[in-house]
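Participant: The listed protein sequences correspond, in order, to chains Z and W. Heads up: the first sequence begins at 1 in our numbering, then just goes up one per residue. Heads up: the second sequence begins at 1001 in our numbering, then just goes up one per residue.
Keep in mind the hints are simulated off the structure, nothing from the lab. The reader is advised that the hints may include incorrect statements.
Stated by the list, open to error - According to the in silico footprint, chain Z covers these stretches of chain W (three or more CB under 8 Å from chain Z):
1) 1084 to 1092
2) 1164 to 1178
3) 1213 to 1220
4) 1227 to 1236
5) 1256 to 1267
Don't be surprised by glycine CBs; every beta carbon is placed ideally from N, CA and C.
Number of protein chains: 2
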Amino acid sequence: MTTLGLGGPVGVVGLGLIGGSLGLDLQSLGVEVRGLTHRPRTAERALARGLVTRASTDPAVLADCALVVLALPLDRLLDPDPALVEALPPRAVITDVGSVKAPVLACWHRRVPRFVASHPMAGTAAAGVEAGQRELFRGRPWVATPQADTDPAALALVRRLAEAVGAHWLECSAPAHDRAVALISHLPVLVSAALLLAAERGAAAGAPDGELSALVRALASSGFADTTRVGGGNPELGALMARCNRRAVIEALSHYRHALAGLEAALAADDGVALLATLEHCRSLRPEFL
Amino acid sequence: MTTLGLGGPVGVVGLGLIGGSLGLDLQSLGVEVRGLTHRPRTAERALARGLVTRASTDPAVLADCALVVLALPLDRLLDPDPALVEALPPRAVITDVGSVKAPVLACWHRRVPRFVASHPMAGTAAAGVEAGQRELFRGRPWVATPQADTDPAALALVRRLAEAVGAHWLECSAPAHDRAVALISHLPVLVSAALLLAAERGAAAGAPDGELSALVRALASSGFADTTRVGGGNPELGALMARCNRRAVIEALSHYRHALAGLEAALAADDGVALLATLEHCRSLRPEFL
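So here's chain Z without its partners, still in its complex pose:
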């Protein structure tokens, strides 16, 4: 076993997609990984899948970890089990993987001395102990949101972890992170979900005999599929992210409404020049983001 300069075994709390993938990559790098989970069955499967070196439902499994990654869903992260907090080694660096950072800092900053808020931006539709996969983080952003009093050595340790699994390290303020993910991750879920609802509603309004309803379902193709993918995704995750980042998401929605109203006004006025110019601008904008 090596430690890759991480100072000792790495603890992973929660063995779903993010925790499990991290465990797999660290194990393949030769790092000892201690997994903590709620259910004995998950601990067994995590061991069988090689996600962790040791797995337990007892927080004492984290005892000699130098670094602990809280890979919990946002709701459990923001309302942590006191036994977990109690069991975290006092000198260990603690980080999380939550997709909203200001509430995580508000909750954890005062609870543990060496806390680093971070967010590896990698995901698939999968969840649970079977979801973890190798190389999930390779080439993906891993954003940290240090505060003025964040321990620089702790921050450097989390960066070492992120870079060990191939992620691209970024640092910014927690409010900037939360506003950015509101725009590019949480807003798209609502925009996309509303399209599904509008198609349902428009199809039902169209024809009492159900002709339009059947037609809409028969004709939807790749454009509709792509635009509705995130809106038809994991509802628990979507609702949780939006609620935990409520203020920024509501602000993002106001920008969105304004943008959509501009397109609608051009269409309502049959202003082909304005509509074309706006869509040309959109075509040129997209590569800036991707």
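With chain Z fixed as given, assemble chain W onto it according to the hints.
Facilitator: Using the frame of chain Z, we list chain W on its own:
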């Protein structure tokens, strides 16, 4: 050469993605294809690519066709060249491939006796004489919108063409078609374009120092990519489709605004139960369409 029961050579007017792909498939089935295009260079390339058997810029090339497919962009289809209309063989069946049907019928129904309005729903981002590809229509819907006085033999001939290239034949009224495509094809373009505009606007509003703007661009990932794909696509096509189907698109936008407002209200009230229930409904809705 065979005719597949199509009664003679097939004329294709416009050799872009749809016209070129149709020509390729018909040629590979052994059907003689006559291509009409504006530019000599396009005619040359169409022949070189094997899209057509003969190609010309002279409408007389259509003289002995039994079936002519108008594969023109909507604007040219709705304002046709008088020389083209003049050159269409009087007994030939004429069909089109336009993505909006009521205006096409309004324009063509009185111009030619055996007109069948139709819409093969196949597309890629590609356009022009290099875009045509084999098997573009296989498994895709090909919708016809016959009227009470549409010649049944003409309708049957277009159906034979569609099924010869592997498309799935559907018939409905023109208004139902136009409302359906407004919901599942034209609305997604505007919804998706507005997301790009909102991300730009929100990022610029966030931080005068450009931190948020750079961050938003760095963090956008697959969810943002999928949701913005059609909004960042061909602006001419998007603007033309929306304008030609203006009334139905404006109606679709009103359903959309209502749906988005419902999601926003749940979020603003921090009503987690309602938000989760709505997103769960969206998850169950999506497979109905896809």
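Participant: Does each hint hold? Answer for all of them.
Facilitator: Each hint tested on the structure:
1. 1084 to 1092: violated (count 0)
2. 1164 to 1178: holds (count 5)
3. 1213 to 1220: holds (count 6)
4. 1227 to 1236: holds (count 10)
5. 1256 to 1267: It holds: at least three residues are needed, and the segment 1256 to 1267 of chain W offers 9 whose Cβ sits within less than 8 Å of chain Z.
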